[in-house]
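Student: Below are the chains, spelled out letter by letter.
Number of protein chains: 2
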Amino acid sequence: MNNYVKIFDTTLRDGEQSPGATMTSAEKLEVARSLARMGVDIIEAGFPAASPDDLEAVRRIAVEVGTQPKGQPDAKVPVITGLARANKPDIDKAWEAIKDADKPRIHTFLATSAIHMKHKLKMDPEEVVQRVSEMVAYARSLCADVEFSPEDAGRSDPEFLYVVLGEAIKAGATTLNIPDTVGYTTPDEYFKLIDGIIKNTPGMHDGITVSVHCHDDLGMATANALAGIQAGARQAEVTINGIGERAGNTSLEEVVMTLKTRHPVFNLETGIETQQLSRVSKLVSNYTGIVVQPNKAIVGANAFAHEAGIHQDGMLKHQTTYEIMRPEDVGVNQTTLVMGKHSGRAALRSRLAIMGHSLDEAELDKAFARFKELADRKKVITDADLEAVIADEFYRPRDVFYLEGLQVSCGTLGMPTATVRLRGPDREIYNFASMGTGPVDATYKAIDAIIKMPCKLLEFNIHAITEGIDALGEVTVRIQSDSSGDTKMDAQSEQEYARVYGGHGADTDIIVASAKAYINALNKLIIAKTEGTQPVPNNFGVMLG
Amino acid sequence: MNNYVKIFDTTLRDGEQSPGATMTSAEKLEVARSLARMGVDIIEAGFPAASPDDLEAVRRIAVEVGTQPKGQPDAKVPVITGLARANKPDIDKAWEAIKDADKPRIHTFLATSAIHMKHKLKMDPEEVVQRVSEMVAYARSLCADVEFSPEDAGRSDPEFLYVVLGEAIKAGATTLNIPDTVGYTTPDEYFKLIDGIIKNTPGMHDGITVSVHCHDDLGMATANALAGIQAGARQAEVTINGIGERAGNTSLEEVVMTLKTRHPVFNLETGIETQQLSRVSKLVSNYTGIVVQPNKAIVGANAFAHEAGIHQDGMLKHQTTYEIMRPEDVGVNQTTLVMGKHSGRAALRSRLAIMGHSLDEAELDKAFARFKELADRKKVITDADLEAVIADEFYRPRDVFYLEGLQVSCGTLGMPTATVRLRGPDREIYNFASMGTGPVDATYKAIDAIIKMPCKLLEFNIHAITEGIDALGEVTVRIQSDSSGDTKMDAQSEQEYARVYGGHGADTDIIVASAKAYINALNKLIIAKTEGTQPVPNNFGVMLG
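Line by line, the protein sequences give chains A and B.
Our numbering puts the first residue of the first sequence at 20, with every later residue one more than the last.
Our numbering puts the first residue of the second sequence at 20, with every later residue one more than the last.
Treat the hints with caution; some may be incorrect.
Note that identical chains are pooled: a pair holds if it fits in a single copy or bridges any two copies.
Straight line, CA to CA, 27 Å or less: simulated DSSO-like cross-link-like pairs of lysine-lysine [to be verified]:
#: 1; residue 1: 475; residue 2: 360
#: 2; residue 1: 211; residue 2: 279
#: 3; residue 1: 360; residue 2: 385
Hint data in this document are derived by calculation from the structure and do not stem from the laboratory.
Excised from the complex, chain A in its bound form (with noise of 0.2 Å):
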């Protein structure tokens, strides 16, 4: 048996497809060159299916990121693939969004489980087996690589799941996913599934990948995992930061990690360059606004051992008493000094690269400017202050609406007061002054007032980025609109979701990052409604305030 377990990011399909964690298609994009960057081997890049602007996110994927990348001949190229129910539509959906990339892969899947039979699909066993037959030869036609998922495998019968499988094999499937979609397994039970499906599958033969795909519902998603690599599954689905519906997906960073520092017990490799795990986390974390707790395994604040508050001279007396990874084998970064005001064009430059951003010349400019004016204002800009300029400049949408003015007064007089100035589509400016219960719903209401785009404010978080309370403050906020018909339909549920937005902003005050995020949130909602199915319009019915 071969001994490399393939890493299968689906980040952008499980984990964005999580109420919350809606991304542009720019920040897709990011996020999938990230991923190819660290060396991930397959990018689950969405849901073609689920609304066109899925589709064209999933194919400038295939693209940009699916294929050799000029002058590089060497450079590893990651396998695109999209998801499909068992239908022709959808599997066709997916093969246009694909199609374009080096490696392309459908990924298919009908639910298995009697649970899941009866209630969702209303199909007997015998149709689930025919339908799978008929649709994994279906994708068979269009492309050399298709990967069957039995949905729900967790519960399934062993002995249903052995004949499903044989038909995907039989009909042309090269990978078999075994998802315990709703987090009910322990690990031993899923070493058994896995072990068993291995042995039993009629027609089971090496140039099958068996693949563990695990949900963390009772908290043992990475352990089920393993258990099933253990058990001889080469695949692995796994997400950053483990996001994901309900409790999430298995983190890659755990899987990852623990096969890197268990070695002597797993002797497997993957091919993931750990160092960037760290940055990895922190991109998709700014994106979706989803945050990672500080006792997260690998990626939390807290992971590593007594990184704040032990004195310099109680350093441990021997480093691996109380720590099994180093820090720096996570790409955490120990250097907080990095630059100041002196700093000069080039050696931001060189900092970025180091950080894995590679700019322009046009975006060093804009880069540079936001370093120099953050400069005048802070003594030391660290790593994570320019992860968050870079990230407020370059991964925003095209704005619709700018803010060019905010002023505030508040505190505990009660009267907070906040007058905004925007610039719309128009290029017209418009201003509005208003009150509200705080600083920042005052702000919020101006905005409001003046975008008159009704939605709901599902959560506001803002963070310190760096040690110090002169510090960037970062704000992340996730919103939904009003109007009932923008929604996103879960491709396992095949229920409609409402869309929720992401936004992002940085700024030393953190009453304007706060404006900068919420603005950031409502341009992605109005490029939305727009974006693939109308021209977007100049106006959004703006009032002069």
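Knowing the structure of chain A, use the given hints to seat chain B on it.
Tutor: Only chain B this time, still in chain A's reference frame:
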């Protein structure tokens, strides 16, 4: 073998000792009360040898939570334990702290892995065996209930463990706890470790409880703890939200809910009222300032299927299709609209009682005043708002400095200014105005100018606790004294850590909440610097601004 798994909660010891989770004595007491109410069997209340304050905090918990409440002869009273290194002074202090509990337990430990014995203890294996034997016997001479832990058991030689544990039994230990101190093992390995100990330790008998204690460095703490339980362990050492050093400990809620949800597999019971899990999780998160990520199993905001975003007309075809637990099983309250401006005192009392807060008349008066004040600013008051009010009003330390007034102006003009008015311990009023890089920085600079207690801000978090931006904003901060003497000893590594103080504030104005949180943390620092060691001074060298 009996089928009851004792839940040993170490949130107040292994959780609290992690950098940044410092709680005041009042907060610790409230957490202990909540744990007891929820049905925890054993509360590890602290490490009494760490400092006189720590001893006193454990003693208060032993007296106030560890004794039969008057008039409630049937109430379940938890065992109260304190940690002690394997030496007489530590054991004496632990005994002093816990001896007034109805069911006291001394928990002592010594490392048994080659790496710890060599680099940390600098002791031979024979010396370790000898010391364990002597110190367990000494603890047993004071207390009938003694627990022994071979630290770093996960990396210890099993044959050596059998010898050490056999000596501990001979010397009178009644519980043997097996820590995977560095979070290193896989479920398979940990199962074998526990199984081997139960089968091979000389003198093992039914009166001895074997206990699991796992860390989450590789993301497998829960799976490991459950593997140990399947091998025969009948005590689980856990923390709320899985907090703890580095990636944290096994999370109580994951172990308890797995045993409940997968009851047919494990056939084991715990004494936990799971409906209280959500509330206790929030309490610990607020007191420690350690956030819970939305995709955290069981207690994360997204842990349950489709809470947010799903259209009412698109409800799941069958509840169990994607849900293996019901939100109400862990006390996730789906009612958000609970109280309004016209709700009365009786309604507040009854709502708070349902939420588990029993206030006396004077406390209810205070809570009601805060409630009315909030209702003037916010139409709908939710349970989350009430929790914030209660936390803010009752679980603060004694006010040394109190915020009398705050006035802030900020915005894109870049001259954020704050004027702060504080009442000092001498009842004098102090005013100071300051500029800063942002409104919070300006506010904190003004507070610093008045209080003059040099410290470093380690972390700053704001979140809106409820939907909508008119919500009460909650701020948590973590600070560290700049003076080098303010340290705290870690029981295991014996390292001195700089103490970290958490502060918490709630207000509809997030800048006001930020000011309250910072003053709250500074008050804790001031009290810690003075309580136990010297009388509280009247004045901290404040100056008139």
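Student: Against the structure shown, which of the earlier numbered hints fail to hold, in ascending order?
Tutor: none
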